[in-house]
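Undergrad: Letter by letter, the chains look like this.
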Amino acid sequence: MSKTILITGGARSGKSVIAETMTLGFGKTATYIATADSSDAEMTARIAAHKSRRKAQWTTVEAPLDLAGSLRNTEGKGPRLVDCLTLWLSNLMLSGHDWQAAGRDLAARLPRQSDPVVIVTNEVGGGIVPDNPLAREFRDAAGLLNQWIAEVADEVYLAVAGLPLKVK
Amino acid sequence: MSKTILITGGARSGKSVIAETMTLGFGKTATYIATADSSDAEMTARIAAHKSRRKAQWTTVEAPLDLAGSLRNTEGKGPRLVDCLTLWLSNLMLSGHDWQAAGRDLAARLPRQSDPVVIVTNEVGGGIVPDNPLAREFRDAAGLLNQWIAEVADEVYLAVAGLPLKVK
Amino acid sequence: MSKTILITGGARSGKSVIAETMTLGFGKTATYIATADSSDAEMTARIAAHKSRRKAQWTTVEAPLDLAGSLRNTEGKGPRLVDCLTLWLSNLMLSGHDWQAAGRDLAARLPRQSDPVVIVTNEVGGGIVPDNPLAREFRDAAGLLNQWIAEVADEVYLAVAGLPLKVK
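Residue numbers (the numbering used here), protein chains in the order written: chain A, 1 to 168; chain B, 1 to 168; chain C, 1 to 168.
Simulated from the structure, these hints should not be mistaken for laboratory data. Mixed in with the good hints, there may be bad ones.
Since the list gives no way to pick out one identical chain from another, each pair is judged satisfied if it fits inside one copy or across any two copies.
Unchecked claim - As a list, the in silico BS3-like pairs of lysine-lysine whose alpha-carbon atoms are at most 30 Å apart:
(1) Lys51 x Lys3
(2) Lys51 x Lys168
(3) Lys28 x Lys3
Could you put the whole structure together from the sequences, leaning on the hints where they help?
TA: Have a look at this one:
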């Protein structure tokens, strides 16, 4: 009955629009779970752009860290869109949380949801190995987290130039 | 009657060779619209390699900025290959042009062409978020431009290790 | 009778696990040809993680440079897994070998193997153009090498979030 969909892709590959369309395919109204921590101007501008695209059909919930709590609180209220996993990971790492435990917990939690969950994430491992050790650590973590969620997802898509390419 | 094909992919993923083959599938002779601004040595070497691969069947036209004009001038002369969109975008941004207006204009113009247009572009958003704000701006712009052109394209391919993976 | 399979993908896209599974699909025991040059701590940790995943079914051979010799020595002993092409290329370039000759030789050699060879490689060209000329040179070389091997491979897969997407 539940359905988990993972949409991955590079920056500006059209992931969010694809995910919004898929989420609204599950119901007339939906919850937008924003993991962004709106602390810098660039990010604030991006969030504003996302918001302007979302109509009255959407209820927005902020979950920079407690994604599990947000899923629990929105159960029974229709489909959820989580945008995005990579920012959530970044928030967990920067605040010293155990991202591996949180990621494993999320993967275990998703198949038990009764309402659909569409999740946006990023491909960050397709470039040259970064000089910066923290950047390497982050891209390794992001790749692992994507694998854990893809494993439990019912469908996985790679966004390419705004188009969803089905991977699972 | 017209056909627009977009070939995207990472650096050295074999996009140009795939695009050349597809373009010559539309006719015995074709026009190569080069957007490269041959101002540095590395780029000049790349262009020379491209040229050496192109046989007598090809007529080369340079269009670092005025892609619309080049499309207009080559209409009725057989298929065109535009290589590549990302360099065109870079030239527009570096010279202070309104790349959004130019990109939207190109997207509107492509479906009205009578001769086929095969376009090469780059995936630049698959790595770690760049430190450099200009690099972030460029990759955002490149991603959006790719989406606009993919939306009007009849076919879209992702080049992987020299092989075309059909996305649309 | 022989079969060459190439698995490409970004960092932490699950390439190695996919490749290990495919290799063991060809036989109960297999040879793991490691191209890693275990000179730094980070790489040593990665190799250890790979080793802990590999069971008694695997025999490990180290081939930081002489991949051709390793293929020759392991012929007739069942399937081989080469992990990975990108590290091999890096070792060749850093030690001043002619990577192009070695790469072309490998591409010529693969179709003549009687036992299957599964090869892991990396997508490194999906980010912003690196500032560093050596990084640009490396990503160009890696892209070309991937194309040469993909051309002679019987099957090519792109790993996305741990899932194999068939390209050829």
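Undergrad: Between Lys51 and Lys168, at a C-alpha cutoff of 30 Å, which is it: within one copy, between copies, both, or neither?
TA: both (29 Å within a copy, 28 Å between copies)
Undergrad: With identical chains, the pair Lys51 and Lys3 could be close in the same copy or across copies; at 30 Å between alpha carbons, which is it: within, between, both, or neither?
TA: within (24 Å within a copy, 35 Å between copies)
Undergrad: First find the shortest C-alpha distance between Lys28 and Lys3 inside one copy, then the shortest across copies, and answer within, between, both or neither for a cut-off of 30 Å.
TA: within (16 Å within a copy, 36 Å between copies)
Checked against the numbered hints above, the structure violates none of them.
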